[in-house]
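Student: In case you want the letters, here they are:
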Amino acid sequence: MITSNLPALQVVVPLLAGPLCVLLRREDVSYAIALLASWASFAMSILLLMAVLENGPISFAFGGWEPPWGIEYRIDSVNAYVLLIVAAIGAIVITYARPSVAYEIEPQRRYLFYTAYLLCLAGLLGVTITGDAFNVFVFLEISSLSSYVLISLGRDRQALTAAYRYLIFGTIGATFYLIGVGLLYQTTGTLNMADLAERVSTVTDSRTVRVAFAFMAVGLAMKAALFPLHIWLPNAYAYAPSVVSVFLAATATKVSVYLLLRVYFTIFGTPFAIQTMGLGDALMPLAILAMFVGSAVAIFQPDIKRMLAYSSVAQIGYMVLGIGIATTVGLTAGILHLFNHALMKGALFMAMGCVFYRLGSVRLEAMHGIGKTMPWTMGAFVVGGLSLIGVPATAGFVSKWYLILAAFERDWWWAAVLVLLSSLLAIIYVWRVIEVAYFRPPSDSAATAAEAPSVMVVPMWVLAGANVYFGLDTRVSVGVAQQAAKSLMDGGV
Amino acid sequence: MTDMLSPGLILIAGAALLPLLRGVWQRGFMLLLPLLGFWQTLTLDPGAQGAVEMFGVTLTTLRVDPLSLVFAYIFHLAALLSAIYALHVRDTVQHVAGMAYAGAAIGAVFAGDLITLFVYWELTAITSVFLIWARREEKSYWTGLRYLIVQVGSGVVLLAGIVIHQHQSGSIAFVQLTLGELGPTLIFLAFGVKCAFPILHSWLQDSYPEATVTGTVFLSAFTTKLAVYALARSFAGTEMLIWIGATMAAFPIFYAVIENDLRRVLAYSLISQLGYMVVGVGIGTELALNGAAAHAFCHILYKALLFMSMGAVLLRAGTVKGSELGGLYKSMPWTAGFCVIGAASISAFPLFSGFISKSMIITASADGGHWVVWGVLMFTSAGALHYLGIKVPYFAFFAHDSGIRVKEAPVNMLLAMAVTALLCVGIGVFPGSLYAILPFPVHYAPYTATHVITQLQLLLFSALAFAVLIRFGIYPVQMKSVTLDSDWVYRRLAPRAVRAVWRRVSALQGRYGKVAARGLNHLLVVVFHYHGPDGVLARTWPIGGAALWVLILLGGFLIVYFV
Numbered sequence: 001m002i003t004s005n006l007p008a009l010q011v012v013v014p015l016l017a018g019p020l021c022v023l024l025r026r027e028d029v030s031y032a033i034a035l036l037a038s039w040a041s042f043a044m045s046i047l048l049l050m051a052v053l054e055n056g057p058i059s060f061a062f063g064g065w066e067p068p069w070g071i072e073y074r075i076d077s078v079n080a081y082v083l084l085i086v087a088a089i090g091a092i093v094i095t096y097a098r099p100s101v102a103y104e105i106e107p108q109r110r111y112l113f114y115t116a117y118l119l120c121l122a123g124l125l126g127v128t129i130t131g132d133a134f135n136v137f138v139f140l141e142i143s144s145l146s147s148y149v150l151i152s153l154g155r156d157r158q159a160l161t162a163a164y165r166y167l168i169f170g171t172i173g174a175t176f177y178l179i180g181v182g183l184l185y186q187t188t189g190t191l192n193m194a195d196l197a198e199r200v201s202t203v204t205d206s207r208t209v210r211v212a213f214a215f216m217a218v219g220l221a222m223k224a225a226l227f228p229l230h231i232w233l234p235n236a237y238a239y240a241p242s243v244v245s246v247f248l249a250a251t252a253t254k255v256s257v258y259l260l261l262r263v264y265f266t267i268f269g270t271p272f273a274i275q276t277m278g279l280g281d282a283l284m285p286l287a288i289l290a291m292f293v294g295s296a297v298a299i300f301q302p303d304i305k306r307m308l309a310y311s312s313v314a315q316i317g318y319m320v321l322g323i324g325i326a327t328t329v330g331l332t333a334g335i336l337h338l339f340n341h342a343l344m345k346g347a348l349f350m351a352m353g354c355v356f357y358r359l360g361s362v363r364l365e366a367m368h369g370i371g372k373t374m375p376w377t378m379g380a381f382v383v384g385g386l387s388l389i390g391v392p393a394t395a396g397f398v399s400k401w402y403l404i405l406a407a408f409e410r411d412w413w414w415a416a417v418l419v420l421l422s423s424l425l426a427i428i429y430v431w432r433v434i435e436v437a438y439f440r441p442p443s444d445s446a447a448t449a450a451e452a453p454s455v456m457v458v459p460m461w462v463l464a465g466a467n468v469y470f471g472l473d474t475r476v477s478v479g480v481a482q483q484a485a486k487s488l489m490d491g492g493v
Numbered sequence: 001m002t003d004m005l006s007p008g009l010i011l012i013a014g015a016a017l018l019p020l021l022r023g024v025w026q027r028g029f030m031l032l033l034p035l036l037g038f039w040q041t042l043t044l045d046p047g048a049q050g051a052v053e054m055f056g057v058t059l060t061t062l063r064v065d066p067l068s069l070v071f072a073y074i075f076h077l078a079a080l081l082s083a084i085y086a087l088h089v090r091d092t093v094q095h096v097a098g099m100a101y102a103g104a105a106i107g108a109v110f111a112g113d114l115i116t117l118f119v120y121w122e123l124t125a126i127t128s129v130f131l132i133w134a135r136r137e138e139k140s141y142w143t144g145l146r147y148l149i150v151q152v153g154s155g156v157v158l159l160a161g162i163v164i165h166q167h168q169s170g171s172i173a174f175v176q177l178t179l180g181e182l183g184p185t186l187i188f189l190a191f192g193v194k195c196a197f198p199i200l201h202s203w204l205q206d207s208y209p210e211a212t213v214t215g216t217v218f219l220s221a222f223t224t225k226l227a228v229y230a231l232a233r234s235f236a237g238t239e240m241l242i243w244i245g246a247t248m249a250a251f252p253i254f255y256a257v258i259e260n261d262l263r264r265v266l267a268y269s270l271i272s273q274l275g276y277m278v279v280g281v282g283i284g285t286e287l288a289l290n291g292a293a294a295h296a297f298c299h300i301l302y303k304a305l306l307f308m309s310m311g312a313v314l315l316r317a318g319t320v321k322g323s324e325l326g327g328l329y330k331s332m333p334w335t336a337g338f339c340v341i342g343a344a345s346i347s348a349f350p351l352f353s354g355f356i357s358k359s360m361i362i363t364a365s366a367d368g369g370h371w372v373v374w375g376v377l378m379f380t381s382a383g384a385l386h387y388l389g390i391k392v393p394y395f396a397f398f399a400h401d402s403g404i405r406v407k408e409a410p411v412n413m414l415l416a417m418a419v420t421a422l423l424c425v426g427i428g429v430f431p432g433s434l435y436a437i438l439p440f441p442v443h444y445a446p447y448t449a450t451h452v453i454t455q456l457q458l459l460l461f462s463a464l465a466f467a468v469l470i471r472f473g474i475y476p477v478q479m480k481s482v483t484l485d486s487d488w489v490y491r492r493l494a495p496r497a498v499r500a501v502w503r504r505v506s507a508l509q510g511r512y513g514k515v516a517a518r519g520l521n522h523l524l525v526v527v528f529h530y531h532g533p534d535g536v537l538a539r540t541w542p543i544g545g546a547a548l549w550v551l552i553l554l555g556g557f558l559i560v561y562f563v
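Those protein sequences? They're chains A and B, same order as listed. The first sequence begins at 1 in the numbering used here and counts up one residue at a time. The second sequence begins at 1 in the numbering used here and counts up one residue at a time.
No lab work stands behind these hints: they were computed from the structure. Keep in mind it's a predicted model, so treat the numbers as computed, not measured. Among the clues, some could well be false.
[Claimed, not checked] The calculated SDA-like cross-link candidates involving lysine to any residue, where the alpha carbons are at most 20 Å apart (straight line), are: (1) A:K486 - A:L472; (2) A:K372 - B:W25; (3) A:K372 - B:T247.
[Stated by the list, open to error] So these bits of chain A aren't anywhere near chain B, every CB distance computed over 10 Å: (4) L35; (5) E66; (6) E198; (7) A217; (8) Q301; (9) P375; (10) W376; (11) A447; (12) Q482.
The beta-carbon is built from N, C-alpha and C at its ideal position, and this holds for glycine as well.
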């Protein structure tokens with residue numbers, strides 16, 4: 001009973017836990033509920049991934065309405081993997097969250113924070129799990145609306161404008177997606193992804209389908225913050241409360257990239273998306289620009305959260321580059337980087353959360369000599385930073401390795417060179433922080449700072465440790481990514 | 001899982017944790033690490049294990065056989081003793097470097113393929129250099145840099161050799177190789193650099209005396225013996241090694257006699273002792289290889305003991321120049337005693353460890369009919385007493401009283417020296433315990449009447465010669481000087497050449513440099529203009545402008561698809 005309903009529970013648990021927090025209105029109870037629901041989601045996502053790896057895709061029909069008429073949840077190796085990433089990050093972040101939330105958010109709003117957090121988690125999980133193109137839009141809106149709330153909870157007054165900006169662009173993105181879905185529905189008369197995939201392949205000559213493709217591609221690129229549609233991202237991440245930055249940086253864009261994959265490769269099908277529409281050629285220059293512009297801007301940023309946000313823009317470039325290479329190895333690299341980037345950015349933003357908790361600032365000049373007084377925090381930052389650069393024995397190295405492998409496989413040696421060159425830029429912006437933190441005499445605030453509470457340090461090191469672990473033992477991460485890439489290239493749902 | 005873990009990794013991982021600990025915990029943990037590694041070594045099953053699939057090649061990270069085990073044992077022992085000796089040091093950098101260095105050497109000993117060997121090989125270089133830099137002086141900085149260049153250079157040569165070898169033979173197994181092809185020759189050369197082959201040796205006596213008091217003890221144990229192990233693994237029975245080894249054994253004597261810095265004397269004698277091991281490897285019979293392994297084992301101990309005692313002198317008296325010391329036995333009696341035990345061991349007095357290992361190699365050379373080599377080794381053996389066995393303790397602790405009055409060495413140093421000294425004597429008295437762990441079964445009895453008498457005669461005449469030379473004042477005066485040998489090439493010649501090239505370059509630079517600098521500057525200004533905090537790409541764009549981009553992109557898509 002429970003196992004057969006797992007796909008539904010995966011989303012329903014956090015979705016119902018959210019309103020429960022509003023009803024109870026107490027901060028500690030809300031936290032307990034959020035903690036419980038997040039870890040339950042994590043457990044369920046593990047069970048789902050194991051079930052999928054063992055028995056193949058799972059289909060779950062809501063309310064007994066058989067697909068393609070009813071809403072179908074469909075889990076294969078691709079989204080089971082993304083579900084696991086999102087749920088794992090969700091659980092680790094909520095464990096870390098409490099002191100940081102208490103420091104940054106006013107007491108009467110804290111239960112709202114937990115509500116919005118749970119809704120956002122439910123939305124992201126929903127987008128990932130569903131097999132229905134319109135249902136995607138619904139969950140996309142749930143996650144987006146709740147993340148606007150989350151961002152606007154930031155202390156800085158700029159958080160409001162950042163949230164507003166994100167709202168506008170998020171809405172444009174979602175609307176474009178919806179227009180695309182509408183056009184497809186008009187042509188094919190179905191909303192179920194598997195069904196759509198079957199019917200779209202018969203009407204690929206139709207201009208309506210091509211316009212739908214364009215709308216969906218642009219809309220999702222916007223949600224994924226692909227250069228030059230990334231403008232909402234840096235401020236949103238920089239001014240949001242620290243916990244929100246961790247959570248969104250590690251999950252939100254990943255889910256959008258997943259959706260991009262789903263739409264391109266499953267609904268429209270590999271031959272149509274790649275050969276007919278020349279998707280690879282369209283994505284490639286944007287990805288490369290993202291890699292360089294994002295890194296170059298990051299180098300000059302005085303605010304480290306903003307620096308990490310721009311670095312995210314660059315890292316999304318790597319993922320899209322993998323997708324644009326459009327071979328099984330390329331997709332593997334892209335999906336792998338989705339996973340690894342969640343690990344490294346999670347650890348890095350968590351470290352910044354700890355620094356902000358003690359110093360009240362994450363600007364470079366406040367962090368002079370912080371390595372001495374907060375050794376665990378900055379240690380995690382160094383590990384995450386090394387992974388970001390792609391030093392061997394870290395997760396970042398593995399994904400770059402596959403990316404370069406994929407580039408060579410297609411004889412795009414210049415792409416491999418560009419990946420390496422942009423990694424050099426990452427060395428510069430990570431080194432800036434390390435130099436200031438370890439080799440400068442402590443600033444007044446840094447000299448008196450203490451290490452962050454262990455509730456924050458332990459989850460942070462779990463992620464930092466995962467960066468090293470998945471850099472050494474790649475059986476799980478690469479294995480699943482390869483399987484996912486293969487199933488996408490074969491066009492299965 | 002744990003039965004596939006290389007003990008070296010335990011030490012390296014532990015070393016990485018050291019900075020997180022403080023005070024007593026840090027010191028306790030440091031002592032625990034070699035014990036943990038040793039425990040792991042004891043639980044290993046023989047055979048090749050720890051296969052790691054990496055980028056299409058199967059690496060054997062753990063090969064356990066008698067040869068690797070004997071080196072692993074002594075490396076753990078050396079790590080523990082050095083750690084005790086360094087216990088009073090309040091410098092986390094040195095502790096981390098020392099432990100990681102020991103771990104890398106142990107990992108290399110267990111390497112079953114050349115790639116794994118290369119990784120650990122480079123790691124020993126990178127970690128050990130910090131033991132030199134930790135002195136934090138201008139001079140040691142440059143020495144460390146020279147050391148690093150040579151060591152990493154050896155790694156690069158090794159890698160080149162491995163790649164070529166793999167290309168030709170398709171194998172990366174770390175097994176017996178034959179010289180002749182380019183690949184194995186390069187590998188041989190790389191081993192030779194670390195093993196301080198003649199002409200390639202000068203990094204050793206350049207760097208070891210410049211390291212910190214405790215760092216030298218670490219350094220003396222691992223790098224060169226790792227190279228001996230590697231040679232024994234891949235080039236056992238290569239005849240060229242016999243001659244290289246004999247040369248190594250003999251030539252440092254002359255430098256050692258005239259050298260004034262006593263730690264440098266020890267460094268020269270280290271090369272000489274390595275020569276014995278190389279000869280043993282070159283002969284390649286079971287007895288000779290046993291001898292090489294046994295000699296490495298004993299040599300690590302007594303050379304560590306000697307470096308420890310000189311380190312204690314340096315720590316207390318502030319110098320180890322023979323010309324400035326003397327009469328220290330009054331203030332440092334224990335250190336003096338331990339130093340004499342170490343000296344007796346290296347001179348191969350019966351009942352001391354050097355005797356039972358050195359004689360195996362000498363006998364093996366006689367058995368093989370290498371009479372010239374046998375003569376050289378006998379001569380060196382006598383010389384060892386002369387230039388080291390007597391000279392070092394004599395000038396440091398006895399001779400004319402220099403008037404230096406200092407405190408005895410710290411307790412932890414004395415403890416480390418005491419344990420090491422005990423081991424030196426213990427192995428000398430009970431050789432069976434060492435012979436039991438050697439790679440091949442031992443049918444050799446060191447304590448025969450002829451052997452003992454020959455050795456004593458040799459030693460007595462050598463001592464007599466020393467006494468006569470000192471008595472009549474003919475002994476080379478201990479002078480303040482830097483003895484140059486083949487390091488002249490890079491201390492004098494290379495800088496001269498570099499300077500000459502640099503003059504040309506700067507002439508060119510004067511002409512074109514300004515243009516290049518202006519171009520670079522301009523580039524940076526442009527990059528900063530667009531990417532800097534206020535640059536157009538980093539600014540928060542107005543919503544309208546940003547939305548325009550969306551339209552442009554959508555329009556672009558549509559135009560492309562419709563045309």
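Student: For every hint, state whether the structure bears it out.
Tutor: Results for each hint:
{"no.": "1", "hint": "A:K486 - A:L472", "result": "violated, 23 Å"}
{"no.": "2", "hint": "A:K372 - B:W25", "result": "holds, 18 Å"}
{"no.": "3", "hint": "A:K372 - B:T247", "result": "violated, 51 Å"}
{"no.": "4", "hint": "L35", "result": "holds, 28 Å"}
{"no.": "5", "hint": "E66", "result": "holds, 35 Å"}
{"no.": "6", "hint": "E198", "result": "holds, 22 Å"}
{"no.": "7", "hint": "A217", "result": "violated, 6 Å"}
{"no.": "8", "hint": "Q301", "result": "violated, 6 Å"}
{"no.": "9", "hint": "P375", "result": "violated, 7 Å"}
{"no.": "10", "hint": "W376", "result": "violated, 8 Å"}
{"no.": "11", "hint": "A447", "result": "holds, 18 Å"}
{"no.": "12", "hint": "Q482", "result": "holds, 14 Å"}
The structure does not agree with the numbered hints 1, 3, 7, 8, 9 and 10 stated previously, though it agrees with the rest.
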